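Novice: What follows is each chain in one-letter form.
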Amino acid sequence: MSDLATIVEEAVRAVPGVTSLFSVGPASLVAVSGTDPVRIAVSVGVDRSMQAPATAAEIAAVIRSIAPAGADISVRISRVAS
Amino acid sequence: MDGIGGTTYTLDDLSDYLDSGRLPVNAEIEADAECQAVLASLERVGSLSRELVARDADENPTLDESWFGSLFATIALEVKAGKDIPLSSSDPHTSLSITEGAIRELVRAAGDSVDGVLVGSVRLSESVVDISISVLLGIPVTGAAEAVRQAVYSDLFKHTELAIDSVNVTVDDVHVIATEGGTA
Numbered sequence: 001m002s003d004l005a006t007i008v009e010e011a012v013r014a015v016p017g018v019t020s021l022f023s024v025g026p027a028s029l030v031a032v033s034g035t036d037p038v039r040i041a042v043s044v045g046v047d048r049s050m051q052a053p054a055t056a057a058e059i060a061a062v063i064r065s066i067a068p069a070g071a072d073i074s075v076r077i078s079r080v081a082s
Numbered sequence: 001m002d003g004i005g006g007t008t009y010t011l012d013d014l015s016d017y018l019d020s021g022r023l024p025v026n027a028e029i030e031a032d033a034e035c036q037a038v039l040a041s042l043e044r045v046g047s048l049s050r051e052l053v054a055r056d057a058d059e060n061p062t063l064d065e066s067w068f069g070s071l072f073a074t075i076a077l078e079v080k081a082g083k084d085i086p087l088s089s090s091d092p093h094t095s096l097s098i099t100e101g102a103i104r105e106l107v108r109a110a111g112d113s114v115d116g117v118l119v120g121s122v123r124l125s126e127s128v129v130d131i132s133i134s135v136l137l138g139i140p141v142t143g144a145a146e147a148v149r150q151a152v153y154s155d156l157f158k159h160t161e162l163a164i165d166s167v168n169v170t171v172d173d174v175h176v177i178a179t180e181g182g183t184a
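In the order they appear, the protein sequences are chains A and B.
First residue of the first sequence: 1, per my numbering; consecutive thereafter.
First residue of the second sequence: 1, per my numbering; consecutive thereafter.
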């Protein structure tokens, strides 16, 4: 896994309300060229006590703060559970 | 049956894993959203099934395994991720979404949280949610259905941006409480 993916994983796990991180991708995070926009996609589970849309937005903001400028960010809520 | 989620594990495998206390930890199962959803449902239904037996218990004193088998098969289908339902984002380079599977699981959990109610099936369409439920004998059916409807509306409003026109609740079964001597 690339350093960036590792950093993203740690940052997402630290967001309040995130209970699971099912995937961070794609693997091409390792091998983007200088001209390709970085695309970061995460799939997460969030706690039912939080609001899923707000948690998704917070996750995106956290990723944005550490991602290269212009990165495309996708946050997918795959579970909402206690 | 195909594996659940991105795994090769079947419903029976997950049931066995739950029975083992989820030990030893299976990293593949624990990292898969659909497996997690199935395990959560199996746990919840398993807990309820220790209190509830099918209404025809006089004829079948033990739990109606086919009824629960059908329920578990339905759950396994419902947790499939399906389409991504968009959530609003002000940034054109950011997309936020919640899966259909997550929403169906949310609806099922909301219904199961109502005392005496066990959700049979959940169907989502554009702006309509259809739920079938079983209700414990003796609990007012209309009250139970309304409690389910309110719980589902509340959770959908909290966790999605869907414009839900209606939540239709159908009571299609009734259960009784199991006692040591039979049913009450």
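None of these hints come from the bench; they were simulated from the model.
Just to be clear, a hint being listed does not mean it is correct.
As the list claims (entries may be wrong) - List of simulated lysine to any residue pairs, SDA-like, C-alpha gap at most 25 angstroms: (1) B:Lys83 / A:Glu58; (2) B:Lys158 / A:Pro37; (3) B:Lys83 / B:Thr10.
Bear in mind the structure is a predicted one, so any value in this text is a computation, not a measurement.
Novice: List in ascending order the numbers of the hints, as given earlier, that are violated by the structure.
Specialist: 2
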